[in-house]
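Protein chains in written order, with the working numbering: chain P, 32 to 476; chain H, 32 to 476.
Bear in mind the hints are in silico, worked out from the structure with no lab data behind them.
Worth double-checking, as some hints may not be accurate.
A pair holds if it fits inside one copy or across any two, identical chains being indistinguishable in the list.
Derived lysine to aspartate or glutamate pairs resembling EDC-like cross-links, with alpha carbons at most 16 Å apart [as the list claims (entries may be wrong)]: (1) Lys-203 / Asp-322; (2) Lys-188 / Glu-446; (3) Lys-365 / Glu-309; (4) Lys-203 / Glu-58.
There are 2 protein chains.
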Amino acid sequence: MSRKMHLALLTSGAGNHVAGWRMPDAEFGSENLDLITRAVQSAERGCFDIAFFADSLHGAPDAPAKNVTRLEPLTLLGALCTATSKIGLAATVSTTYSEPYNIARAFASLDRMSNGRAGWNVVTGASPEAAGNFGTDPFPDHAARYGRAREYLDVCKGLWDSWDDGAMVGDKQSGTYVDASKMHRLNHEGEHFSVRGPLNANRPPQGYPVILQAGASPSGLDFAARTADVVFASQQMLEDATVFSDKLRGLVEAAGRPRDALKILFGVMPVIGRTEEEAKEKVAALGALSDPDAAMRALCDRVGHDLTQCDLDAPLPELPETNMMQGHSVVLRKLAKTKNMTVRELRDYVGASSGHRLVMGTPDQIADDLALWFTSGAADGFMVLPAYLPGPVDDFVNEIIPRLQAKGLFRTAYEGSTLRDHLGLDRPPHPAQAAAPAREPVSAN
Amino acid sequence: MSRKMHLALLTSGAGNHVAGWRMPDAEFGSENLDLITRAVQSAERGCFDIAFFADSLHGAPDAPAKNVTRLEPLTLLGALCTATSKIGLAATVSTTYSEPYNIARAFASLDRMSNGRAGWNVVTGASPEAAGNFGTDPFPDHAARYGRAREYLDVCKGLWDSWDDGAMVGDKQSGTYVDASKMHRLNHEGEHFSVRGPLNANRPPQGYPVILQAGASPSGLDFAARTADVVFASQQMLEDATVFSDKLRGLVEAAGRPRDALKILFGVMPVIGRTEEEAKEKVAALGALSDPDAAMRALCDRVGHDLTQCDLDAPLPELPETNMMQGHSVVLRKLAKTKNMTVRELRDYVGASSGHRLVMGTPDQIADDLALWFTSGAADGFMVLPAYLPGPVDDFVNEIIPRLQAKGLFRTAYEGSTLRDHLGLDRPPHPAQAAAPAREPVSAN
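From just these sequences and the hints, can you work out the full model?
This is the structure:
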């Protein structure tokens, strides 16, 4: 079977362009389930692998519009379980401000209700603003957050494995509801968590939900290489993307996994015109509607520094490393340096694409661009950021998808039923009981 | 408008009778979304106020079948938002093992997605087994758990109020997405929580989701009297129910609220026969399928003591007070004493009805029984526990509801759209900003 492209839709009720919601044909509403549902159903019509929802744990009004309010992602994925039947459903949940027993349960439940379509973007929380909502002050540092995340995910996997496959018997005749011999205590005692188990849910249909990761710091890449099924990444230039993917696949191999066990999807914001000129006009129209302050806040978020006092028409100043999301910060600094961009130019670029790559042009040009990144081997696919809803989603499904299909690069129908099927990933087998240390059968004490 | 009865359906994929799932016509599956959805849709056809889901935070195989595995309730309510359109959707979430910012978000999201139909049964966690899944050892005592619960709910209400109604502007012309002057920091600094706010969600359609409570200890009743909209209670005899309700309504009044601000629903397990004889046969058939060990475990759970070493044919021994759910424990001990029940008889009764009141007979007899409890003033309504799914739900909707409607005691159609509408409760107005201390407007810093 030839290698196939994978596509995720980054779905936000307020759109991904900082001014997308102001476009004449934009519907919007960060908490508008009906709008979000229609966008996800459109993506499902286009055979997207994943509808994905980002998250944050704070709502100060100076955040970009799309981040001020949101539907809570786990309940939102629940709603989409019944509104869709094929597309994968994934969302961000931070390991810094939650308990693994609760989150392992929620994803087991989502995977069950969706018949194996759930995915979890594991993040460690990158906002000091969020810390204030959880009494965590000062904000835990990068290394400490990843240490907790690693143990957290281990606990979740242990909980998902606390039932063997097929433990639920339900034999009316004998009266056996569950086979107690197929359940196991986890008895985890670690640095951050003490969790006895078992989970009060059967092993999920996918074994584990699909694990996604987006951190691009050394700790983030190490974490992804060891544990992730999908990485969302941001690169502006194909040569950098190639270097990034080669490095990450090398880490995957070094972690003892096949190089293709991890799918690397790069963020792109497509702006489609009937002509190149029309696409440029759309980008300009979006730019003209942008609030420069909102774009500046998006830039400060992405680079992790307050740039509001900088000279807008000077080059980006040298900036020290931060405790924030390192991927975007590094890539954007390099972009500014390579292209001699001023702070103002970088601000407008980030305001437009939310820090990801802006791809504008005719449907053919955009399909060719995505095909090049894919066939070169740099990308396994893309996370598509529609500028707003619902038009740009429908345009991508109607104009770009058929061209990718015509090139033989993208599926024309879902072949399997689970998200792991869509991604070409095996269902993780239940670890042999004998191989698992310290797992004591549960007696009906 | 005459006083109307309120009905909740306690929905469990494994049924509520300990052996319900073994009945020939039972479908079952604790994690069977399709089955649960059909039961809730049937209840919606019957104009029930609420589909309710209990919860627990552990899954040892010696729990009753219905408690071993479950769908996680917040994600499940999410799925039901799109599968229903009128019925209220409520679930249990413990305040002992979660963070208020996360749970306030989840219920804001559910209330938004359901257009004002969400309800939260606030519990404090009553199981030492759960504590082991959250590294909480020893299990926090009753008073400490209620102290945390009170502060927790205060924080949630503060977060739901952190946006004034109408803060989301979305004016494309001016580019104003939110009116920042309508958002407020909470700046809560309490014994258990430190939460800055604001919440990243608009004020919910219902202001606050409906608050339910089921604790019957003095702390639980005090908590309910001050904060709950609905109380689930368990009583076996009408005279005791009358005393209970009078006392609780007195506490409501003492807390400065109208006596009818709190709706008291008593748990009942109806077993319907075409004749009284047939109903008795059904109860006997359920009893014959019951695993006495499972029934004993249910009894031990309810009274909070290990009774497995007791003489089954002796009366229930005197038992000391426990740290467990006090309501069931007190009522069941009184039932045993009043009716001279042996441990065996009490075991079988609890196994049958999950500790609630078993009401068996013809449709007319059951409707008359419920009508008596309602018109006497003791009950504002009932939490109906179907012995299993889906038959007993459909039977109640087809046989009992029309009889209650014919008596003029129950609605024949939903009159409003929110759960508060169904319950005849006002939407809590946003507290005047002036009246709220220590709420500082958020500047776009």
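For a quick check of understanding: which of the numbered hints are violated here, in increasing order? 2, 3
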